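*Asks:* Below, each chain spelled out in residue letters.
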Amino acid sequence: MPEIKVTPLGAGQDVGRSCILVSIGGKNIMLDCGMHMGYNDDRRFPDFSYITQNGRLTEFLDCVIISHFHLDHCGALPFMSEMVGYDGPIYMTHPTKAICPILLEDFRKITVDKKGETNFFTSQMIKDCMKKVVPLNLHQTVQVDDELEIKAYYAGHVLGAAMVHIKVGLESVVYTGDYNMTPDRHLGAAWIDKCRPDVLISESTYATTIRDSKRCRERDFLKKVHESIERGGKVLIPVFALGRAQELCILLETFWERMNLKAPIYFSTGLTEKANHYYKLFITWTNQKIRKTFVQRNMFEFKHIKPFDRSYADNPGPMVVFATPGMLHAGQSLQIFKKWAGHEKNMVIMPGYCVQGTIGHKILNGQRKLEMEGRATLDVKLQVEYMSFSAHADAKGIMQLIRMAEPRNMLLVHGEAVKMEFLKGKIEQEFSVDCHMPANGETVTVTTNPSVPVDISLNLLKREMALGGTLPDPKKPRTMHGTLIMKENSLKLVSSEQALKELGLNEHQLRFTCRVPLQDPHSDPDTLHGIYLHLKSVLKGYTIQHLPDGTVMVESIVIKVSSSAEDPNTKVLLLSWSYQDEDLGSFLSTLLKKGLPSGLC
Amino acid sequence: MSLTECRTELSASHFPLNMAAHLKKRVYEEFSQVVQIPQEEAPAKKLRLSKPSKSAALHIDLCKATNSTDALQYLLQFARKPVEVESVEGVIRILLEHYYKETDNSVRLKIASLLGLLSKTQGFRPDCIVDDAINTLNNEKSHQVLAQLLDTLLVIGTQLPESPTVRQRLIEMACKHLSDSYFGVRNKCLKLLGCLGTVDAPLTKDNEGLGTSLGGVRDVQSIISDYFGDQDPRVRTAAIKAMLQLHERGMKIHEIIYNQACRLLTDDYEQVRSAAVQMVWVLSQLYPESIVPIPSSNEEIRLVDDVFGKISHMVSDGSWMVRVQAAKTLGSILQVSPHFLEQTLDKKLMSDLRRKRTAHERAKELFTSGEFSSGRKWADDAPKEKLDTNTVYLIASGACGAFVHGLEDEMFEVRIAAVEALSQLARSSPSFAEKCLDFLVDMFNDEIEEVRLQSIHVLREISTHITLREDQLDTVLAVLEDSSRDIREALHELICYTNVSTKECIQLALLELLKNLNKYPTDRNSVWKCLKFLGSRHPTLVLPLVPELLSTHPYFDTPEPDMDDPAYIAVLVLVFNAAKSCPTMPALFSDHTFRHYAYLRDSLSHLVPPLRLPGNGLDLVDSRCSSGSVESAQLFLQQSLNRVSTIQNLEAPGAQDLLNFTIRDLRRLGELQTELAGAADFCATYLRCQLLLMKALQEKLWNMAVPLCLKQNVTATAAAQQILEETYKLEFLYSGLESRQVATIHHVRLQAKALQLVLTARTRQGLDPLISSCEKFLQDIESFQRLFLAELPHLQDSFVDKLLELMPRLSSCKPVETVKILQTTLRQSGLLQLRLPEQIHRATATIIEPTGESDNPLKFTTGLVVALDIDATLEHVQDPQNIVKVQVLYPDGQSHMIHPKPGDFRKPGPNRHRLITQVYLSHTAWTEPSQIEVRLLLAYSSSSTSLSSASPASKLGWSDSIDSLPQPEAAVEGTIPFSKPVKVYIMPKPARR
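Here the protein sequences line up with chains B and F, keeping their order. When we follow this note's numbering, the leftmost residue of the first sequence carries the number 19, and every step to the right adds one. When we follow this note's numbering, the leftmost residue of the second sequence carries the number 173, and every step to the right adds one.
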């Protein structure tokens, strides 16, 4: 039985450092190559020594596929391709290819220039790495080699995020990357056709969450911002530069437009401008509304949102500021937070997940006094709100995707173990498919049962049709005779004559002969005649001939009578039939063994 | 082959003969008025043009065709021309004859399709060709042609609805070919079965040749349902469609196919799923109450609930077409049980619909205890103790939260469908209406304006069912700040119909509306109207607020508010409307409030109701004209008309006075009684025309010698001109006219024209102009006769009647004589009595904006343009997109006509339109700011004339009518101003260098 093996090097029962190895039909594929945000040592990258202890990875991997540009999905790419060594193709969609190097460069700058790490990949390495990238289009089937083909589907989540369908022969795997089943302000919903893969590898970040209606959340968010602005307060929204930030920007921008509001909105600059440029460019990847209206006005050309300057934070009057990073652990968002935290009119809205230990996490858990470096404490008086704007599928969305794709096996990655366990139970109960949730380094083996396609010659099929009559009934199997030829990896079903001709073989006749002793007092010809009459009465509808040369022919079966030398009463019947008439022949032999009925002659 | 070639030669050699015969024929044709235009360049085609030889021509063409391409070409050309009923059969015979000979599939296909086309010919009964068609079907080998032939049979079958034998035969043919291996043939067979099959007459398979697989007695339905499982998705779709067709034709679909239909809901192909949704819906409407078992349990539910669950499930389908279909369908399943209905709004209750019925309460507890996190609060998804997953059967059908999904779908088509479905369901179930409120309110935030607008409209429709809570009202009112005018007005409309529960709500609404008024002053009227309804709906809630609203104080006098403040007027509108049904309220008013009431009652009478105020004479006036006066006014109108009709002789003394008084009365009546304003105005204008005519025809004027009465002539000419203008107004400004009235109007116009003619003859010298105008007048009479043939009996003894009698004489005599005849007839003709139609409305327009009150001139640089916003309401204007124009008049006499875009017109109500547009102004430099006038015009053209106003459907576009219609009379185009002009102060400044 063929097998599909899946080994997560990262993201197994964990969020971050997505990297999954899949072996399917003799091909090895690496899905995503991410880094872990929580670590600063070797653990931040996947353990590539699992693949090989020394030397390059090229010969062990057929291709690498990157689902989207988030660093936990592509952060280790230059490290793997340039420092460990991989020269094969790397597949990603066009927007991912465009935005990915910006993020990698930013990441490199922070690690090397700010933290002063050495032994890290360089700008040149990023460039070299990106040269190996082959861009993918949506729904385009790409042949990696003769057998391996991949196809990308829209995944929502962020601009250019894709799910990939990997197919070797008749076995297939779908890897979802991160996806979102509810459309948002700038992206559509993930969609896949009913491709019935053998394994569906799905993320499960929100395995235990069923989110409220999106509109509810949006309305709440807008209402909170609006109220705070009307009170004259300042609103801080910590975001990561790409993805959610654009959604919230569009949301606020359209709201400002609709409501005719005048309070300024700022976006802390940085890589955002470059990225926004790409958002404007890849209109086809966005949602219906933006696609339809971009001719009049590109939604990403913001009217109300201006770049932020450090000095603006002290301006009087209401304002809204988007600032990076998203968990309030460093940088500009933290600086602004410190300035504004003391005033109860102000507000901070956390739009996503916060890792333990960050200030974001602390204030969300209700801490009102924060210890800063240098023994200073900070009183948090401003309002703290949490709005989940994370663009991952929730439990219901995951179920929906499973229903869309109808996989034979499920595999959950990119989530917390406890939550996965819960969802696993639900999936197994609901769809009655096997569900796996391997830890990092653990291999899951799925045996597949692929159907083997066989070419059938048209002549043979037509002949069978003529015999069988009406249309084939899909519910009833039918047997047919033919010869299976296996040649050069292809299977062919042809009629035996054609097979002989094709293979240049001679036809051999196979005949069975058998002796049946028979007690009969009559002379040989009489016995024969008796047999003739007997068979004639038993086998109706067959041609039975009594030939003058002392034989009886039933179809092609020859029956002869000879009497033995010792006992004239014991006759020996000689039966001979060809292989094709095996059924009839064996029937006759058993019939004659029973002897002739008395009173025939 | 050789034979055909030979024939070709033959026909070529006979060419001159052909030609001659043809020419002769043409001469005859011209006499008998055949409008076919012969083409000179192709002699072969000519034969076909002559009527009787159409079939013969086709025959020759087909015989001439040397190969299939040629034949196909001939057939294609043949198909472009219509065939007369009498020659259809002949043509069909020829086609069939050729069909048997033809070896090429494509030609046979074309012939088959032509057969179908020809069978459709009006008046032709295709039963004579049924046998042949079936015969061809039996001998046909090509699948494509087979499919086409079946299509033809379908046409024949539908043409012969009353012939059961033919029908039966056709159905048998269809059954026989159902086992064809080509999907197209099976498709067509199913279609045929769907369109022709009957349920009451089961198909008996008595003859052996027919489908052996269908043994025994089968009816059409079971045969069709066999193909629900066909291997080809197109055939599956066709099978479902055929079944739906049966249903549409009034056959009762059996319930047994329900399970099969449900299985198709999970088909791999979207068109199958989409059709299956419809199929299942049909079944749910037929058998709502039958009980179906739930697989994997021993419970049972109603079929309609089961269907509802299944279709809800389809709202999260992969294909958006199916989603739209499902969302739409959901709205029409009204018999569904309430608790199933309510689950469509709850995303968290994701348990299997079926299980829920028994485990309803328990499940609810589980969910409120929070198995899943909602994502609204931080860290509420921390793992809790594991729940017994076996009892709670989660995420089974996805039916729960169907609307939640539909409303946040990616495609706005789905969202709109979902909103519509919500409204349909909510209208039939008040409790559901209550529940879906939050979701609809959420939709006010949609990114597509169309969806936002739709959801506001929906909320208005269901608002009779609901009373808004304070928090809900809050979210609704937040939208008042929207910058889109449509949204705000829709919302005002909504607030007009909303019930609220507490006085805080009233206060909140007032506050927000005032805020809105402050932010968008142009919303003034709409906001006031909104407050009017709010007040009259909730008098008791307003009552406790009155002192605060009017800022009165028990001991102290408060300063009198500014009467021109729109916000203060808004408050007063609210209070006065509440006071109407709350007699205790006026006691709380202070003195100036009463004064303001009197003022507002006069200036904004549509917003301020009559109040019964203590010690105030006002209520007397109000109560007098309030009740039952429509009938009396109607009576008065009729009486006035009757009185006028007594004037037979225009010369009668006092006739003019009577007319004068009647006109005055009618005008006043129109002012008093708005319901009859249209009719009264119409009559008054008509009588005025008569009066003018009467004056112009006065005796003494005509007895004088020409040179002596120049002055009178001038007045008469002016009168004639005026009458003409008035008749155009009569014709085009009023809607609801019947052809009788139009005839009367045209009659007056004719009289005016006659008058003009007579006057020209008297004053001007020279015969040439006179001849042409005489001819023109005669043409006018002819066209009048043509247009109002049906009305002529009613015009006995009138001017026209007499003229028509004299027509032979008129058309032959000299112009001078004509004029004389006209003159006498004019003076002899009496007053034509006006009969009033049921409803006459005068088209009116009010320009709301610009108001013309501003003292600040609109400044702009000369040579550049400035945009002026125009907002106007139009009443009783039909087809305003084509006829309403904006005129801008500059002080120097220049005028511009602007044609607003069709998109600028909105239709807020029946017979009401709203024009919101921008006109661009520009002018060269002025030294002083000065006023321009803006007004609306109604454009008309008498070529698209007369009866067209009674039948707007037949009306063509403005430009079309001029191009395409033959013009019976010279089109008179013009415009009628129908709104008061508004003055706008502008100041073009010279550009600075």
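The reader is advised that the hints may include incorrect statements.
What the hints assert, rightly or not - No more than 30 Å apart at the CA atoms, straight line, and that leaves these computed lysine-lysine pairs for BS3-like:
#1 F/Lys-687 to B/Lys-321
#2 B/Lys-324 to F/Lys-687
#3 F/Lys-348 to B/Lys-321
#4 B/Lys-242 to F/Lys-687
#5 F/Lys-986 to B/Lys-324
#6 B/Lys-480 to F/Lys-348
Calculated directly from the structure, the hints in this document are not laboratory data. Keep in mind that this is a model prediction, so the values were computed, not measured.
*Asks:* None of the hints should be skipped; say for each whether it holds.
*Replies:* Structure-based check of all given hints:
Restraint check: the Cα-Cα separation between F/Lys-687 and B/Lys-321 comes to about 25 Å, which is no more than 30 Å; the hinted pair holds. A hinted pair counts as satisfied when its Cα atoms are at most 30 Å apart, and B/Lys-324 with F/Lys-687 qualifies at roughly 28 Å. With a C-alpha separation of about 68 Å, the suggested pair F/Lys-348 and B/Lys-321 falls outside the 30 Å cut-off, and the hint is violated. Our distance criterion of 30 Å between C-alpha atoms is met by B/Lys-242 and F/Lys-687, whose separation comes to about 19 Å.
For the hint pairing F/Lys-986 with B/Lys-324, the CA-to-CA distance comes to about 86 Å; that exceeds 30 Å, so the pair is violated. As the CA atoms of B/Lys-480 and F/Lys-348 are separated by approximately 21 Å, the hinted pair is consistent with the 30 Å bound.
The structure shown violates the earlier hints numbered 3, 5.
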